[in-house]
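Take these sequences, add in the hints, and give me the full structure.
The C-terminal residue of the sequence shown carries number 367 in my numbering, and the numbering is unbroken.
Some hints could be false.
[Unchecked claim] Just the calculated beta-carbon pair ranges, DEER-fashion: (1) Ser112 - Asp8: 29 to 39 Å; (2) Asn343 - Ser112: 24 to 34 Å; (3) Ser112 - Pro146: 51 to 61 Å; (4) Arg189 - Thr303: 13 to 23 Å; (5) Asp68 - Gly330: 32 to 42 Å; (6) Trp126 - Ala7: 38 to 48 Å; (7) Ser356 - Gly331: 46 to 56 Å; (8) Asp39 - Arg189: 21 to 31 Å; (9) Pro146 - Asp338: 23 to 33 Å; (10) Arg301 - Asn343: 12 to 22 Å; (11) Ser112 - Asp310: 21 to 31 Å; (12) Thr340 - Gly14: 51 to 61 Å.
No lab work stands behind these hints, which were simulated from the structure alone. It should be emphasised that the depicted structure is a prediction, and the values quoted were computed from it without experimental measurement. Positions of the beta carbon are idealized from the N, C-alpha and C atoms, including for glycine.
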Amino acid sequence: MTDYQIADFGARTGSDCTGAIAEAIDACALTGGRVVVPDGEFVTGPIRLRSNVELHLSAGATLRFHTDPTAYPIVRTRWQGIECFSHSPLIYAYDETDIAITGTGTLDGGASTANWWSSTRPRTDWERLLRMVEADVPVEDRTFEPGHGFRPSFIQPHTSRRVRIEDVRIVNAPMWVVHPVFCTDVLVRGITVDSLGPNNDGCNPDSCENVVITGCSFTTGDDCIAIKSGRDADGRRAGRPSRNILIESCRFTAGHGALTIGSEASGGVQDVRARDLRVTGSVDHALRIKTNSSRGGVIERITVENVAVDTVTTSAVLINTRHAEPEQFGGHAPVVRDITVTNLAVRSAPEPSRSSTPHTPRSRTSD
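Here it is in structure tokens:
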């Protein structure tokens with residue numbers, strides 16, 4: 001494997017290395033290999049990965065990202081389950097094959113209440129996007145100009161194949177942290193997510209299949225792992241479920257749900273197996289399924305086994321089909337079925353489980 005050192009392309013600690021990293025990736029894409037970030041702190045704008053390129057962070061390396069929204073070009077993305085063109089994720093790939101982010105260095109999004117987190121929901125832009133979906137505006141025409149739009153995900157491979165994210169530490173994300181969209185064959189192994197901002201979900205496979213999440217640690221400001229497949233009408237339009245997902249040997253120390261499915265699961269979630277998990281610290285639920293009558297979709301064949309829970313702040317298991325329920329029935333009753341939980345050991349919880357499923361056929365649950 002050929003290594004391309006970003007220093008050879010002009011990268012220097014403490015200076016803007018956006019161009020140098022892009023040049024190193026372009027050169028590496030011609031032959032395949034690794035783009036290596038050495039020890040030290042390097043400042044960068046958006047990074048776009050290309051096929052056959054592995055971005056590798058040395059143990060003492062930190063990539064610190066710009067926080068000015070105008071530094072991030074407009075790309076095709078999915079935000080809160082709706083496709084649109086908005087700010088590029090900090091690390092992005094579109095229609096690529098064999099891409100990787102590896103090494104034990106740190107990716108620092110720089111997000112705080114002074115920048116990205118101060119605008120948790122740009123209400124006017126969000127309402128505009130919802131109106132576009134209602135009016136059947138094509139995705140290509142749902143464009144938000146620079147400086148508007150939405151907080152980007154940190155890492156988003158989109159419509160890509162054979163994706164690997166391994167060992168890195170990720171902190172201070174603007175939005176969702178690891179967010180593969182429409183991807184197949186995804187491996188997330190040994191990463192550490194420590195990001196407590198709003199909507200800082202740790203790892204969200206979104207309409208992805210053949211996904212493995214193993215040996216990871218999550219301290220998050222929202223759900224730790226949340227499996228998704230699009231929101232409401234736009235998710236049904238895409239019609240891409242998340243399926244064939246294995247989650248194993250992960251540790252969860254802060255977040256709303258350790259393992260969550262939904263709520264943006266309108267395309268369906270199928271065939272998920274989670275095993276050998278440890279929940280400690282401040283987590284609301286070990287298993288959380290959330291949806292409503294606007295989402296619809298089928299969530300089925302979910303198996304959770306061998307979970308050790310020190311404590312949760314509410315219930316160990318929550319199945320809620322009235323999550324953020326509209327005032328009137330949304331017309332798309334979700335289906336939740338074939339949920340199996342075995343060997344869930346909870347030391348302390350206000351209640352073992354809670355279910356709110358008025359719009360749903362009775363789930364078949366064994367424990």
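Verification of the supplied hints:
1. Ser112 - Asp8: 29 to 39 Å: holds, 33 Å
2. Asn343 - Ser112: 24 to 34 Å: About 40 Å separates the Cβ atoms of asparagine 343 and serine 112, which means 24 to 34 Å is violated.
3. Ser112 - Pro146: 51 to 61 Å: At 21 Å between Cβs, range violated.
4. Arg189 - Thr303: 13 to 23 Å: holds, 21 Å
5. Asp68 - Gly330: 32 to 42 Å: holds, 38 Å
6. Trp126 - Ala7: 38 to 48 Å: Holds: the Cβ-Cβ distance is about 41 Å, inside 38 to 48 Å.
7. Ser356 - Gly331: 46 to 56 Å: For serine 356 and glycine 331 the Cβ distance comes to about 19 Å; the hint is violated.
8. Asp39 - Arg189: 21 to 31 Å: holds, 23 Å
9. Pro146 - Asp338: 23 to 33 Å: Between proline 146 and aspartate 338, where Cβ atoms are some 45 Å apart, the hint is violated.
10. Arg301 - Asn343: 12 to 22 Å: holds, 18 Å
11. Ser112 - Asp310: 21 to 31 Å: holds, 29 Å
12. Thr340 - Gly14: 51 to 61 Å: Given a distance of about 53 Å, which is inside 51 to 61 Å, the answer is holds.
Of the hints listed earlier, those the structure fails to meet are numbers 2, 3, 7 and 9, in rising order.
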